[in-house]
Amino acid sequence: MTASPTSAQFARNAHQAFEDPQLQKALHFVREGFVNQRAAAAARLPEFESLRDSARDIKEHTLAYLDLYLEAYEKKVTAAGGIVHWARTPEEANKIVLDICQRHGAKTVTKGKSMIAEEIGLNDMLAAHSIAPVETDLGEYIIQLRHEMPSHIIAPAVHLTKDQIEADFRRNHDQLPPTRDLGEPTALLAEARAILREKFLAADIGITGANFLVAETGTSIIVTNEGNGDLTQTLTPVHIVLASIEKVVPTLDDVSQILRVLARSATGQDLSVYTTFSTGPRRPGDPDGPQEYHVVILDNGRSSMLGTDFGDMLRCIRCGACMNHCPVYQAVGGHAYGWVYPGPMGAVLTPSLIGIDKSAPLPNASTFCGACESVCPVRIPLPKMMRHWRERQNDRKLTSSSQRAGLAFWGYFAKRPGLYRLATRIAMPLLAWFGRGEGRFESLPLAHGWTDSRDFPAPQGTTFQAQWANRRKPAIFGPPPAKPPTPQASTSANSEVQP
Amino acid sequence: MSARDDIFNEIRRALHVKGTEAPRRRIVQDRLTNTPKGIVPARGQGELTERVATFREEAERVSASVTEVTAAADVPAEVARYLRDRNLPARIRFGDDAYLAALPFSTTGLDIDRGRAAANDQACLSHAFGGVAETGTLVLTSGADNPTTLNFLPDTHVVVLEAKDIAGDYETVWDRVRNTYGQGLMPRAVNFVTGPSRSADIGHTLLLGAHGPRTLHIVIVTE
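Protein sequence lines, in the order shown, are assigned to chains A and B. Under this note's numbering, the residue at position 432 of the first sequence is numbered 432, and the numbers go up by one with no gaps. Under this note's numbering, the residue at position 63 of the second sequence is numbered 63, and the numbers go up by one with no gaps.
It should be emphasised that the hints constitute simulated quantities derived from the structure, not laboratory data. Please note that the accuracy of each hint is not assured.
As the list claims (entries may be wrong) - Chain A regions said to be covered by chain B (calculated; three or more residues, Cβ under 8 Å): (1) 26-40; (2) 65-71; (3) 248-260; (4) 331-339; (5) 411-425.
Claimed, not checked - Straight line, CA to CA, 30 Å or less: simulated DSBU-like cross-link-like pairs of lysine-lysine: (6) A:Lys75 / B:Lys18; (7) A:Lys25 / A:Lys95; (8) A:Lys95 / A:Lys107; (9) A:Lys397 / A:Lys415; (10) B:Lys37 / A:Lys75; (11) A:Lys415 / A:Lys384.
Since the model is a prediction, treat every value here as computed from it, not as a measurement. Even for Gly, the Cβ is constructed at its ideal location relative to N, Cα and C.
Using the sequences and the accompanying hints, generate a full structural model.
This is the structure in structure tokens:
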């Protein structure tokens with residue numbers, strides 16, 4: 001794998017992230033840029049919400065017939081002269097890629113952006129066999145210079161400021177005059193473009209990811225803005241596509257539905273600049289394009305997610321909207337999550353791929369505000385699945401004994417509604433009285449784990465159930481009750497502990 | 001057991017199926033053959049003149065430049081003007097496309113290169129398979145007529161688009177692709193191009209011309 005996961009140390013990673021002023025400056029863009037751009041794009045398309053339903057339905061349908069669509073896809077690729085390889089594990093996928101590279105005596109490999117390549121740790125494996133991988137997506141190129149993992153699935157270098165990138169370029173491009181002017185972002189772009197252009201022309205093999213695979217035609221699709229993926233796969237004699245089993249969709253019409261929600265959810269574009277549909281190698285008479293076309297389809301635990309509590313996660317189209325809108329991601333960035341997939345989608349997917357024992361904090365790194373689910377283009381119930389992981393942690397005793405004891409204590413009352421009402425009716429006014437000065441508690445006995453990093457709100461005097469009963473009565477004849485305040489996405493105490 | 005068999009077995013175990021069930025196979029075959037359309041946004045729909053107007057508006061929104069000429073014979077002069085106005089060399093490359101080959105480039109004084117793009121080409125010319133009004137998207141197909149490298153290597157990409165080929169939506173384009181190449185068949189590459197290349201990876205600033213063309217000029221022929 002790419003570097004060993006540090007997901008288990010989420011709290012420590014998050015603390016470091018808070019204290020990193022450059023990171024906090026860079027994260028401003030996630031909070032402002034991505035969120036506003038998505039909202040504007042969604043507002044401009046009246047059919048956006050129904051297209052989300054359509055995209056969800058297509059993915060759901062495909063997963064229910066996944067074996068047959070993968071079969072149909074493979075048949076079409078083969079008919080077009082391409083070769084499909086199947087890999088159960090990252091090791092198998094790496095072996096397939098390495099064999100192809102070695103068969104062609106490859107020295108350098110250009111790469112379009114691929115999260116699967118990150119997942120299997122492809123670059124380290126290639127480098128260990130003296131094959132130089134060159135990332136060509138600008139963001140990926142920058143983090144490759146820094147030996148970092150992507151901090152975002154569509155904007156891998158979103159955690160960096162322009163000044164940091166300038167310093168990286170000066171350090172790494174030492175063949176260029178040190179006095180050159182890199183003050184403007186355009187100068188940095190021009191420099192990267194010139195350097196990478198040479199790499200494109202010299203590469204032996206081009207590796208890209210795939211946003212989708214189309215069963216109807218045996219087509220792999222990449223969606224990019226820079227054009228690097230296209231230069232990667234068009235200029236080299238061999239094109240290798242890295243994909244995973246859930247990328248398949250039935251038809252070109254189906255993928256068109258999903259494309260309409262992908263870029264809008266991701267960057268707020270109506271469509272990304274380049275959507276490329278590739279089917280097999282160069283045809284007779286073609287003056288360009290690869291002579292060999294390979295597709296490596298990875299499982300890596302995905303098939304065993306089908307039909308489980310986590311099956312819906314396989315609908316994910318990797319747009320990044322869930323992390324852009326997540327108050328936790330916005331506060332700490334992607335590296336705190338400690339592995340390839342950050343944010344809410346990572347909090348659900350990472351435990352499935354590397355094990356909950358290695359990623360226990362991730363499903364807990366959530367305020368459960370629900371923002372992720374509300375913007376997910378394929379309506380994945382992310383908070384619900386994080387809750388499933390928490391249940392499993394509890395069942396497998398991966399949580400602390402005091403936390404389990406606390407839950408058992410609360411559970412005892414929750415299962416006995418009469419007793420629960422009685423207990424809360426006594427406790428609430430007491431707590432309200434103790435907290436009457438501040439309206440909140442800075443510390444509570446037996447709950448330091450909670451109050452160390454946030455205040456516990458003091459009850460307002462009566463229980464929710466009592467208030468609910470009160471509100472319902474006058475509503476029948478009188479004016480409607482006042483609208484409750486809009487729930488805020490914040491890292492402060494939320495209603496998690498209340499029923 | 002092979003990786004392939006293992007993966008299929010695991011999927012079928014999870015779905016509680018054997019993979020041989022006739023009703024399941026029929027549902028999949030029907031979808032692949034009938035290619036049902038989903039929701040098609042109203043934005044790109046309308047008569048030809050409306051589609052041309054929407055295409056133009058959307059393409060300009062994503063920083064492409066667009067001009068209209070009323071006759072194919074006017075294309076070479078428009079290409080020459082565009083290159084001159086941008087202080088580019090009077091030189092352009094295109095493929096074996098018969099439509100482009102028939103245009104009177106000899107009247108313009110432009111030097112013409114033919115074939116796939118070379119690394120140092122400054123400007124290339126393509127004839128689009130079609131356009132999509134909904135998002136101002138060009139649809140380009142690979143082959144000797146319009147080699148794919150023309151779309152990505154040069155700094156300046158000029159694309160000729162016949163107004164009659166502007167569809168309202170992607171689905172209409174796919175029907176045309178099926179009619180042209182055969183049901184379930186595709187050219188090696190179909191490129192949807194929506195504006196010139198861009199990146200926001202450096203300091204969150206949107207910049208044009210990341211790896212592909214910095215400028216995209218579309219000439220719509222309305223005859």
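We went through each hint and held it up to the structure:
{"no.": "1", "hint": "26-40", "in the structure": "holds (count 3)"}
{"no.": "2", "hint": "65-71", "in the structure": "holds (count 7)"}
{"no.": "3", "hint": "248-260", "in the structure": "holds (count 9)"}
{"no.": "4", "hint": "331-339", "in the structure": "violated (count 0)"}
{"no.": "5", "hint": "411-425", "in the structure": "violated (count 0)"}
{"no.": "6", "hint": "A:Lys75 / B:Lys18", "in the structure": "19 Å, holds"}
{"no.": "7", "hint": "A:Lys25 / A:Lys95", "in the structure": "40 Å, violated"}
{"no.": "8", "hint": "A:Lys95 / A:Lys107", "in the structure": "16 Å, holds"}
{"no.": "9", "hint": "A:Lys397 / A:Lys415", "in the structure": "21 Å, holds"}
{"no.": "10", "hint": "B:Lys37 / A:Lys75", "in the structure": "23 Å, holds"}
{"no.": "11", "hint": "A:Lys415 / A:Lys384", "in the structure": "21 Å, holds"}
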